[in-house]
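K.L.:
Protein chains in written order, with the working numbering: chain A, 1 to 158; chain B, 1 to 491; chain C, 1 to 102.
Hints may contain errors.
What the hints assert, rightly or not - Below 16 Å or equal to it, Euclidean Cα-Cα: the simulated EDC-like pairs (lysine to aspartate or glutamate) are:
(1) B/369 / B/440
(2) C/87 / B/362
(3) B/437 / B/362
(4) A/76 / A/124
(5) A/76 / C/93
(6) C/89 / C/3
(7) C/27 / A/79
(8) B/103 / B/352
(9) C/54 / C/3
(10) C/27 / A/21
(11) B/54 / B/479
(12) B/24 / B/102
(13) B/154 / C/3
(14) C/89 / B/362
(15) C/54 / B/440
(16) C/90 / B/361
As the list claims (entries may be wrong) - Each pair of labels, with its calculated beta carbon distance range:
(17) C/24 / A/72: 23 to 33 Å
(18) A/124 / B/469: 47 to 57 Å
(19) B/440 / C/96: 33 to 43 Å
(20) B/49 / C/96: 35 to 45 Å
(21) B/427 / A/103: 50 to 60 Å
(22) B/102 / C/93: 26 to 36 Å
(23) B/417 / A/58: 49 to 59 Å
Derived from the structure by calculation, the hints contain no laboratory data.
Here the structure is a predicted model, which means the values were calculated and not measured.
For every residue, glycine included, the Cβ atom is placed at its ideal position computed from N, Cα and C.
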Amino acid sequence: MNIYILVALILFSVMAVFLRDLLKSAICLAVASIFLAVMFFRMGATYAGVFEVSVVAGLITVLFITVIALTNDDAKVPENKWPIIIFPVALAIFIIFDIWFMNKFIILPSKALPLLAQGEKFGDVLWGQRTFDLLGQIGVIFAGVFGVFAFFRRKTDE
Amino acid sequence: MVILFIILPLIIAGLLPLLGKVSKKVLPDFLANAVFALLLGYSFNFAWNASAGKTILSQVNLAGIPLGITLRLDALSLLMLFTIALVSLGVGIFSVNYINQEKYSSKPIYYSLLLLTVAGMNGIVLSNDLFGIYVFLEIAAIASYALAAYGLGKEELEGSFKYLMLSVVATSFILLGISMIFALTGTVELNGIASVLAYSKAIKIKYLIGICSALFIMGFGLKSAIVPFHSWMPDAYSKAPATLPAMSSGIMVKAAGLYVLIRLFYNVFGITPAVQTVLMYLGVISIVVGALLALGQNNLQRLLAYSSISQIGYMVVGFAIGTPLGFIGALFHMFNHGIFKSLLFLNSGSIENATGTRELDELGGLAKKMPVTAGTNIVASLATAGVPPLNGFWSKLIIIIALVQAKFYIFALIGILASVVTLWYFLIIQRRAFFGKLNETWKDVKEAPFWMSLSSIMLALICIILGIAFPWFIRLWIEPAANVLVAGIIR
Amino acid sequence: MSELAYICFVAVAVLVFIGLYCLMTMKNLIKLLIGAEIVAKGVSLALITAGVEKNNIMLAQSLAITFIVVEVALVAVALAIVIGIYKRKKSLDIRNLNNLRG
Chain A
1 MNIYILVALI
11 LFSVMAVFLR
21 DLLKSAICLA
31 VASIFLAVMF
41 FRMGATYAGV
51 FEVSVVAGLI
61 TVLFITVIAL
71 TNDDAKVPEN
81 KWPIIIFPVA
91 LAIFIIFDIW
101 FMNKFIILPS
111 KALPLLAQGE
121 KFGDVLWGQR
131 TFDLLGQIGV
141 IFAGVFGVFA
151 FFRRKTDE
Chain B
1 MVILFIILPL
11 IIAGLLPLLG
21 KVSKKVLPDF
31 LANAVFALLL
41 GYSFNFAWNA
51 SAGKTILSQV
61 NLAGIPLGIT
71 LRLDALSLLM
81 LFTIALVSLG
91 VGIFSVNYIN
101 QEKYSSKPIY
111 YSLLLLTVAG
121 MNGIVLSNDL
131 FGIYVFLEIA
141 AIASYALAAY
151 GLGKEELEGS
161 FKYLMLSVVA
171 TSFILLGISM
181 IFALTGTVEL
191 NGIASVLAYS
201 KAIKIKYLIG
211 ICSALFIMGF
221 GLKSAIVPFH
231 SWMPDAYSKA
241 PATLPAMSSG
251 IMVKAAGLYV
261 LIRLFYNVFG
271 ITPAVQTVLM
281 YLGVISIVVG
291 ALLALGQNNL
301 QRLLAYSSIS
311 QIGYMVVGFA
321 IGTPLGFIGA
331 LFHMFNHGIF
341 KSLLFLNSGS
351 IENATGTREL
361 DELGGLAKKM
371 PVTAGTNIVA
381 SLATAGVPPL
391 NGFWSKLIII
401 IALVQAKFYI
411 FALIGILASV
421 VTLWYFLIIQ
431 RRAFFGKLNE
441 TWKDVKEAPF
451 WMSLSSIMLA
461 LICIILGIAF
471 PWFIRLWIEP
481 AANVLVAGII
491 R
Chain C
1 MSELAYICFV
11 AVAVLVFIGL
21 YCLMTMKNLI
31 KLLIGAEIVA
41 KGVSLALITA
51 GVEKNNIMLA
61 QSLAITFIVV
71 EVALVAVALA
81 IVIGIYKRKK
91 SLDIRNLNNL
101 RG
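Could you build all of it, start to finish, from the sequences and the hints given here?
P.N.:
In structure tokens:
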């Protein structure tokens, strides 16, 4: 089952890249992220899955669609033909290389590691161990907000 | 209270746009520069600790409850903090007049972004956590995309977009490396990774660390503009407000790129001869390519960008030698380059503020009209080219002696020749911008305003003083930092 | 390495490849951002997979969530730049950005 979800994820990503209509490719991107979220749920990462659905599939898609609507039809960009023609071959070669590489280098003997206490809660990990990241998130949000402010400021506000 | 280095700029950055409603100019000027000055003063507070070789691992408490923040402050991070605070103070003072230009409005937002880059860099330097390094790197990066396009001109936006796209690729490589490390060791803390790797002898782990090293060299190499990954730098800098390149080339390239690279390779993974060789060649190629490409440029900031690439090459070479002398030279050059290259960029800002252009063929004869800018520019140029007795001479000399000691005679020769080329193109700048006949268009040009001149003079004085007092500076600040790298893997 | 982690890492590499291919060949600014998003999906899958591999899914989740927040800020700024370029150039074609010479 997992492999079908991953294949769907890859398929929708490819469609997001190569569809000519930007609106359709933004929606494909959202669908891909929903498949990714399903994968996260199956791997036990429920909170990350929720974030993936609500933020990436939701918020980022909305941002993309807003921008696509703002930069409407007269901005059609002719794409080159050859990337689409070469792509399947390139992807096939890459996948073969990837699998060869993984088999050669990555398979490690699964050594037993100290298991986490099963009762550990997500909130405890996030707030207890990763507070530094939360501080960083505040900074990143500031940077994003002020950055967007800087781009949309009226230039004669003095 | 090591956390103050991160919290203080972050809080003031958040408050400034709100306070900006009260006072649009004076308050942001004052607050931002006060923060930079405070951080500079506060870094002295730890100087004796660090020069004694102590490492402070500070666990942050909030009202008695321990938070999940562990910060690592040793001599190396202290040197970076000091450089960051010094350069950002220079840039901050310069901005007081510079951002009054018509095309750069809204001072509070500008200073917020500047403070956020400083908070991001301080976070990178103090972080004891690989993922934390990534998050704070993003803060600095996102703020600098906005600063790079602050004038909102067509070319600024394009340069900023190119910078953003290449940085996204860089951070993706970095994160792939981080997740590989996480999959290997089960932790993202620097000392945790170091201790797990130190006890694992399996050959496949060595391969995987090799792949991670490649990913990190690509990622942080892009961030620090080492040659095959340098193409964002000239484009992002050529039209940006002069304070961004001063900040970015002066310190961000080092804090977000080189510092992390050497910290990882010398203190966490343990250096291997293969990595040293790769870094050595990348550094030498950077020196040569940067110096040669700088020769043909007409836009002042684009020229300085190529010059930065070349100077970063010297640092990479110095670090790659791996001897204590190499570390001292590279770290000293890192500090010096922060000072004189930001001074050069700020001077290009002064020129642009006075004349409205940065194209060298439109300038000429400005020395009579702008004596302070011309004078400080000569000091900085000679320091960059490595002319005695300025600070840049000593750091380059130490790197070249270290190269000779380690028997890299050809690289040492290339280093000397490239520094001749450097001198040549800086003389070209001086001749075309400051000497010669005064272009009729600029007969009403005035000297840069007070705060801009003050900042230039301050940085130029540091170049001269360090040129004389370098043994003291090396003993107090550089040597302890080099000892951190010599000591190898952290615990 | 478990089988799940194995196929996930293969998928990560493929996603990153698709994203980088998009970044290298496409000419539309918004398409480039979509490529960057696909790389980002690969990266977040890599983080979670590493957590599964090390039986430390909680830590992996908190890293992935921080990564998603960073991504949103990045995309917002990037799209603001795209709108700025569009306003001045009336075009989203990267071939029109000919002022940059590398």
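K.L.:
Please go over all the hints and tell whether each is borne out by the structure.
P.N.:
For each hint, the structure was consulted:
{"no.": "1", "hint": "B/369 / B/440", "verdict": "holds, 12 Å"}
{"no.": "2", "hint": "C/87 / B/362", "verdict": "violated, 29 Å"}
{"no.": "3", "hint": "B/437 / B/362", "verdict": "holds, 12 Å"}
{"no.": "4", "hint": "A/76 / A/124", "verdict": "violated, 49 Å"}
{"no.": "5", "hint": "A/76 / C/93", "verdict": "holds, 8 Å"}
{"no.": "6", "hint": "C/89 / C/3", "verdict": "violated, 50 Å"}
{"no.": "7", "hint": "C/27 / A/79", "verdict": "holds, 6 Å"}
{"no.": "8", "hint": "B/103 / B/352", "verdict": "holds, 12 Å"}
{"no.": "9", "hint": "C/54 / C/3", "verdict": "holds, 13 Å"}
{"no.": "10", "hint": "C/27 / A/21", "verdict": "holds, 14 Å"}
{"no.": "11", "hint": "B/54 / B/479", "verdict": "holds, 13 Å"}
{"no.": "12", "hint": "B/24 / B/102", "verdict": "holds, 14 Å"}
{"no.": "13", "hint": "B/154 / C/3", "verdict": "violated, 50 Å"}
{"no.": "14", "hint": "C/89 / B/362", "verdict": "violated, 26 Å"}
{"no.": "15", "hint": "C/54 / B/440", "verdict": "violated, 71 Å"}
{"no.": "16", "hint": "C/90 / B/361", "verdict": "violated, 31 Å"}
{"no.": "17", "hint": "C/24 / A/72: 23 to 33 Å", "verdict": "holds, 27 Å"}
{"no.": "18", "hint": "A/124 / B/469: 47 to 57 Å", "verdict": "holds, 51 Å"}
{"no.": "19", "hint": "B/440 / C/96: 33 to 43 Å", "verdict": "holds, 36 Å"}
{"no.": "20", "hint": "B/49 / C/96: 35 to 45 Å", "verdict": "violated, 55 Å"}
{"no.": "21", "hint": "B/427 / A/103: 50 to 60 Å", "verdict": "holds, 58 Å"}
{"no.": "22", "hint": "B/102 / C/93: 26 to 36 Å", "verdict": "holds, 30 Å"}
{"no.": "23", "hint": "B/417 / A/58: 49 to 59 Å", "verdict": "holds, 57 Å"}
This entry does not satisfy hints 2, 4, 6, 13, 14, 15, 16 and 20, going by the numbered hints stated previously.
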